[in-house]
Structures are given as C-alpha cells and as structure tokens.
Amino acid sequence: MNSRERILGRVRRALAKAPADETPIVRDYLREHGQRTVAETVELLAENLADYRALVHRTDAAGLPVLIAGLLDERGAASVLVPPGLDEEWLAATGVTRVTDRAESTPDELDRVSSVVTACAVAIAETGTIVLDGSPDQGRRRITLVPDHHICVVRVPGQVVSSVPQGLERLDPARPLTWISGPSATSDIELDRVEGVHGPRTLEVILVGED
Amino acid sequence: MSGTYLGMPAFADAAREAVGNTTLRGNLRHATHTIRAKRAKAVTEVSDWAELREAGKRIKDHTLRHLDRYLVRLEESVTAAGGVVHWAADADEANEIVTQLVKMTGETEVVKVKSMATQEIGLNEALEAEGIHAYETDLAELIVQLGKDRPSHILVPAIHRNRGEIRDIFAREMSEWGRPAPEGLTDSPAELAEAARLHLREKFLRAKVGISGANFMVAETGTLVVVESEGNGRMCLTLPETLISVVGIEKIVPTWQDLEVFLQTLPRSSTAERMNPYTSTWTGTTDQDGPGAFHLVLLDNGRTDTLADEVGRQALRCIRCSACLNVCPVYERAGGHAYGSVYPGPIGAILSPQLRGTGSEIDASLPYASSLCGACYEVCPVAIDIPEVLVHLRERVVQGGEVTREGNKVVLRPAKGHAAERAAMRAARWAFTHAGALRTGQRVASRTRRFHPRTLPGPGRAWSGTRDLPPVPAEPFRDWWQRTRGGKDGDR
Numbered sequence: 001m002n003s004r005e006r007i008l009g010r011v012r013r014a015l016a017k018a019p020a021d022e023t024p025i026v027r028d029y030l031r032e033h034g035q036r037t038v039a040e041t042v043e044l045l046a047e048n049l050a051d052y053r054a055l056v057h058r059t060d061a062a063g064l065p066v067l068i069a070g071l072l073d074e075r076g077a078a079s080v081l082v083p084p085g086l087d088e089e090w091l092a093a094t095g096v097t098r099v100t101d102r103a104e105s106t107p108d109e110l111d112r113v114s115s116v117v118t119a120c121a122v123a124i125a126e127t128g129t130i131v132l133d134g135s136p137d138q139g140r141r142r143i144t145l146v147p148d149h150h151i152c153v154v155r156v157p158g159q160v161v162s163s164v165p166q167g168l169e170r171l172d173p174a175r176p177l178t179w180i181s182g183p184s185a186t187s188d189i190e191l192d193r194v195e196g197v198h199g200p201r202t203l204e205v206i207l208v209g210e211d
Numbered sequence: 001m002s003g004t005y006l007g008m009p010a011f012a013d014a015a016r017e018a019v020g021n022t023t024l025r026g027n028l029r030h031a032t033h034t035i036r037a038k039r040a041k042a043v044t045e046v047s048d049w050a051e052l053r054e055a056g057k058r059i060k061d062h063t064l065r066h067l068d069r070y071l072v073r074l075e076e077s078v079t080a081a082g083g084v085v086h087w088a089a090d091a092d093e094a095n096e097i098v099t100q101l102v103k104m105t106g107e108t109e110v111v112k113v114k115s116m117a118t119q120e121i122g123l124n125e126a127l128e129a130e131g132i133h134a135y136e137t138d139l140a141e142l143i144v145q146l147g148k149d150r151p152s153h154i155l156v157p158a159i160h161r162n163r164g165e166i167r168d169i170f171a172r173e174m175s176e177w178g179r180p181a182p183e184g185l186t187d188s189p190a191e192l193a194e195a196a197r198l199h200l201r202e203k204f205l206r207a208k209v210g211i212s213g214a215n216f217m218v219a220e221t222g223t224l225v226v227v228e229s230e231g232n233g234r235m236c237l238t239l240p241e242t243l244i245s246v247v248g249i250e251k252i253v254p255t256w257q258d259l260e261v262f263l264q265t266l267p268r269s270s271t272a273e274r275m276n277p278y279t280s281t282w283t284g285t286t287d288q289d290g291p292g293a294f295h296l297v298l299l300d301n302g303r304t305d306t307l308a309d310e311v312g313r314q315a316l317r318c319i320r321c322s323a324c325l326n327v328c329p330v331y332e333r334a335g336g337h338a339y340g341s342v343y344p345g346p347i348g349a350i351l352s353p354q355l356r357g358t359g360s361e362i363d364a365s366l367p368y369a370s371s372l373c374g375a376c377y378e379v380c381p382v383a384i385d386i387p388e389v390l391v392h393l394r395e396r397v398v399q400g401g402e403v404t405r406e407g408n409k410v411v412l413r414p415a416k417g418h419a420a421e422r423a424a425m426r427a428a429r430w431a432f433t434h435a436g437a438l439r440t441g442q443r444v445a446s447r448t449r450r451f452h453p454r455t456l457p458g459p460g461r462a463w464s465g466t467r468d469l470p471p472v473p474a475e476p477f478r479d480w481w482q483r484t485r486g487g488k489d490g491d492r
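Chains as they are written, first to last, in my numbering: chain E, 1 to 211; chain B, 1 to 492.
Bear in mind the hints are in silico, worked out from the structure with no lab data behind them. The structure presented is a predicted model; accordingly, all values stated were derived computationally and were not measured. Careful: at least some of the hints might be erroneous.
Per label pair, the in silico range of CB-to-CB distance [to be verified]:
| no. | chain 1 | residue 1 | chain 2 | residue 2 | range |
| --- | --- | --- | --- | --- | --- |
| 1 | E | Gly9 | B | Glu45 | 38 to 46 Å |
| 2 | B | Gly164 | E | Asp28 | 47 to 55 Å |
| 3 | B | Glu45 | E | Ala62 | 34 to 42 Å |
| 4 | E | Ala20 | B | Thr23 | 48 to 56 Å |
| 5 | B | Thr255 | E | Asp60 | 37 to 45 Å |
No residue lacks a Cβ here, since even glycine has one placed at the ideal position from N, Cα and C.
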C-alpha cells in the first residue's frame, strides 16, 4: 500500500462513526462593515493605507505622469522597473532609466534597480490592502519585491472594494496573487511592529481619479 | 513527530525551572501583554466577529468530516495546475521525500519560509544530515537558528528573547552563517530588522530551492496561501526555481470563498492587524513567473489519529494564530519551552499529546499544563474548546482506553503516576456510598483539625506542594444541617 492509500484509508476509518454532516455553513457574517458612499470608501482606503505606513497620493489622469516623475526624483531613483503592459503615459514625464521586466533577469539584476511602478488588480478599503495579480500592467511577482521602492497606482473608485469578501469575488484564483498591506514589517522583536524588512521599505500608493 | 524533544521532563518540572528565570518572565509578560491589548482592539473593530468565528468553525468541521474527498479534490486541482503532489504518512517519510527532491536539483542550500509543519517533522536536521543547509528566513526563526535555540511560540518563535539578547546573538553569530552584523549594531528593533535584511538578502538572491508550509490550501482551485509580514515568504515563494511546500492535511478549505472568513480572522487574531503586510497565493506553477517546479507534500504524522478521536479532533481546526498562547496565564509564566514541542501553549497542550500519543512523560503531563480558566477558548477564532479537550485527555491519561495510533486501534493502559490519585478516588467512592463511615470520618476530621498538617505526606506531597489544603470546619455540614434544620432555627 502506498502512503496515499494509507492516509486516505486512515481518514475513512477515523470518520467511519462520525455523525452525518448536518450543520450547514451559515454565512451570516457581513459582506462589508458599515455603509459608506463611494467617496467615503476611497477615503477609508487612503486612511488605512496610511495607518500601515504606506505613503498615499491623490491625483487625476492628467496629473499622474508629473506626480510619478516627482516621486522618482524625490527618491533619487537611478532606474525604474516597468511591467510590459504599463500605460506608457504614466512614465511620460520622467527621464529615469527604464528596466523592462523580463523572465531572463537575475535576482541580482533586479536588486540593482531602485524603484518599480505598477498598476494593481483591486484595492480593499477596510484593510488598506492592494492586490496584484500578475496582469501585464503589474508584471511578475518578484519585480514588486526586490526593489526597495514600490509605486502602485490604483484607479478610484473603479478598482476599490470595501471588504475582503468583495475583494476575493473580483480575483481569479488561477493567477498568482500578492496582497500588500503597507510596506514589509515584522512583529518578531517583543511583538512590537517595525516597518521595513525584506520587501520594499517604501510603498507609495497613488489614487488616480477616473474621469 | 520529530525526536528533537525526546527526553523532555514533564511539564511541571520544566515549568518550575522556567518560572525561576526572571528575564524570561519579564520578556514574556511584556510581549504577551502588548499583543493581548492590540488583539482585543483589532477584534472589536469588526462587528460580526462572532459570526465569522462560527463560520470558520463550521467550515473547518465540514472539511474534516469529508477530509478524504477534499484531499483527493485538492490533489486533482494542484496536479492540473502543474504541481506534483506527494503523500507522507509520518515525519520520516516527509523528510525523505523533501531530501530526495532537493537532491534532484543538485543544490546543497535551501531557503525556508517559517513553517510549523517542517518544524514539527525536524526537516532542518534531516536535511543537514544529508549535507543540505536550510536557512530560516523569518526574523524570529533566524534568531532561534543563530542562537542554536528552540522555538517557544507559534507566531514569534523567539518571543523569549528581548532586544538586547537578539542584538548579542546577531553580533556574535551572523558572521558564522554569512554576512556579519553591521559594526556598532544597537538593540533598536529597526536596526535589528535592517541587520536581518542585509544578512538574508544574499541568500535570497542566490537561492534555487525554497521550502514553505501553507496557511490554507483550497481544494476546488488547488491554491495555496501563505500569510506573512516581512517579505521573506515572498522571496522564498517567487525567486527560487523549485518550491517545495510541506503542509498538514488539515489545512484544507473547500472553496475560494471560504478564504473570506479566515483572511479576516487570522490576521486580527495573530498579529492583531487588520491585514498582515503580505499574503501570497499560488496555484500550481505560472509560466515565467516564480518557480517552474512546485511540489506539495501532504503530511499526516498523527493527524488522522487525532481525527479518529471524537472530542479531540476539534484541535485540527487550528489555524495557528497563537491567540491562545498570548492570553494564557500558564504560558505567560512557564514560557514555550516547558511544553516540549514546537506547539506550545494551550493549543500545544492538546495537539502534541494527540499527534505524538501520551506515551512519553512530557506528553502525558501536557493535558495538566492548564488551570482550565477558558481564556484560550474565548479568543480562539475557530472556537476550539481547549478546556474540554484537556479534560478529555486527562481522563485518557488516568484511565487509559482505546485510541488510534498510526491508523491502528490500541488500548492504552492507565498511566502509572496516577496510582495514588486513583486510590484516593476509590476511597472517596467507598466513603460516599457508606453514610455511616462518612459521618464518623467527618467527625473525627473535625475534632482533630488542630493537628492537621499543612501539607500532605507521601504521594500526596506533590499535590499539596502547589495548593493550600482546604480547612476542615469545626462541625461537619451534615451535623450542622440536622442540628439547625438548615439554619431555619436562626442558628448560624
């Protein structure tokens, strides 16, 4: 008998006398917490992002390129990683060297890049979370991990949901997902939160109003 | 389970020593009190906590009730998504599978995401014996590994260390393992985190094999979920070419939607955050993004034996949040090492004796590592009635009875150490069923009460060593009742 059969056999014997499964799974928890207007939901997202030490900026489509260029300048970025499907307009105002997200790049090469600019798949207001799903405007998972500075653009209100249940509904489990709530952090020293460990230590989120 | 803790003394002996360590007690008190208050706040922020907790409990119970079906379903989905599924009945088999998988890559180094399952099976030691170095990358695990120490908490394995101790370990040990700690390192948590970042980065960037556990596995989609804070998880899950995940079979949830419950309750219960900084989900392999090879090792190692126990099986609902540790008065004083297992605290006290059996001194003593105050049950996000299971396991230790070990039914004999307790219970039963003897005995006890010792002699000494003997009243209750008709005559 192989281990697969052995384990499945043990499970079946263990459950042989278990009572039938009669308690239904009741999902009477809330789909979202509280009632908010669309504008209030966006406001909550901004608040919760900032609460976990993300830097939040707001602009419109026309102001976006200048804002991104300014943030890269402020940071003194020498180079910026660009996902293949990123809207070219977004980087129109910056002269910082662009590094394309390629499968062949080694981790060491990525480590030498200063910043990365991506879009996102969805943002969750109640938890201050942005979710990336590897779409062409977000790129491979590693490009938002190795550089120390991540600029993420959220289209509001279209990409914003209130809650975790609503967020999961919008996401495709087949895609590799990265949920990001603030810059990397640790609670490992005396259970006190310290921001900035292995992931990007600076996370800037730009909320771009849709016209 | 692993042999790491073989020969551990019984909980009470280990705890007695730990309680005398004032640094340890200070560290634990500070850390558990900090997190306790934060958790309470994070939980009150969501008005439907009770409903989320109940849903989490029911999802897990339903999954366990049909575990065979969901395991097969998971295997199908993971395989369809490009992963390879392996089954390991025990620790040795899991270690063997992982070792062979690493050897096939030709690598002698692996980076690890913090994982309870691989701690449980002693994977690092097994790999080391085959010449493969496993680097822990979670900050607390790194502190434990560099300090040649043992984990003492599920979430924060180095909770027993304060910042000064951590600084000393980094300054002394980092150079042995790779990049040394920066000159003039202080004990500020930010600087310590920075030192870990620099030390581990070279390991992440050159790693070809990553090893992880998982917080959840979704049967219908084949998706694995890792919840973390530091980004070390993301490094290990995305940079290497090969990813091996070792996951207990009870970590399954049936559907993608089920995550909406646990992704709300887990972060608030464990680190007291609305959401942890990073959550990664992956389904098999993705073309040109992340590891090209993915292996899932499904681990039994005592879980099916636990499942066979009607009362005890609820322990398998555990999502390893560690809220029960943080709130436990016994854990706070004794610390995690006294539990002699990678699973300390209240959940460890019911999990270890079920996964490993109650054969060893430490495992037989764990059901007693509690005052049964019930705080653990109250905070548990999947409503595991830990006191109920503790009492159930005490009964098993004292009275013996039928249990399942490695899939086979065996009959346990009553534990030896409880002979005096059983004799006392037998004597009590006889006295309570012989009214005349009870009356005489009570009167003698009342009249001689001035001469009663403050501690019991002989085998009773251990019992009275930690308790005050109850004072015997001047007049037995039944005599008082007969004399006064229950106080109706006004005589009190």
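Starting from the hint 38 to 46 Å, judge whether the C-beta atoms of Gly9(E) and Glu45(B) obey it. holds, 45 Å
Range hint compliance [Cβ, Gly164(B) to Asp28(E), 47 to 55 Å]: Distance hint for Gly164(B), Asp28(E) holds at roughly 48 Å.
Regarding Ala20(E) and Thr23(B), is the given constraint of 48 to 56 Å on their beta-carbon distance met? holds, 53 Å
Okay, Glu45(B) versus Ala62(E) on CB: inside 34 to 42 Å? This hint holds: roughly 37 Å between Cβ atoms.
Can you let me know if the beta-carbon spacing of Thr255(B) and Asp60(E) is within 37 to 45 Å? holds, 39 Å
Violated hints for the displayed structure: none, as all numbered hints are satisfied.
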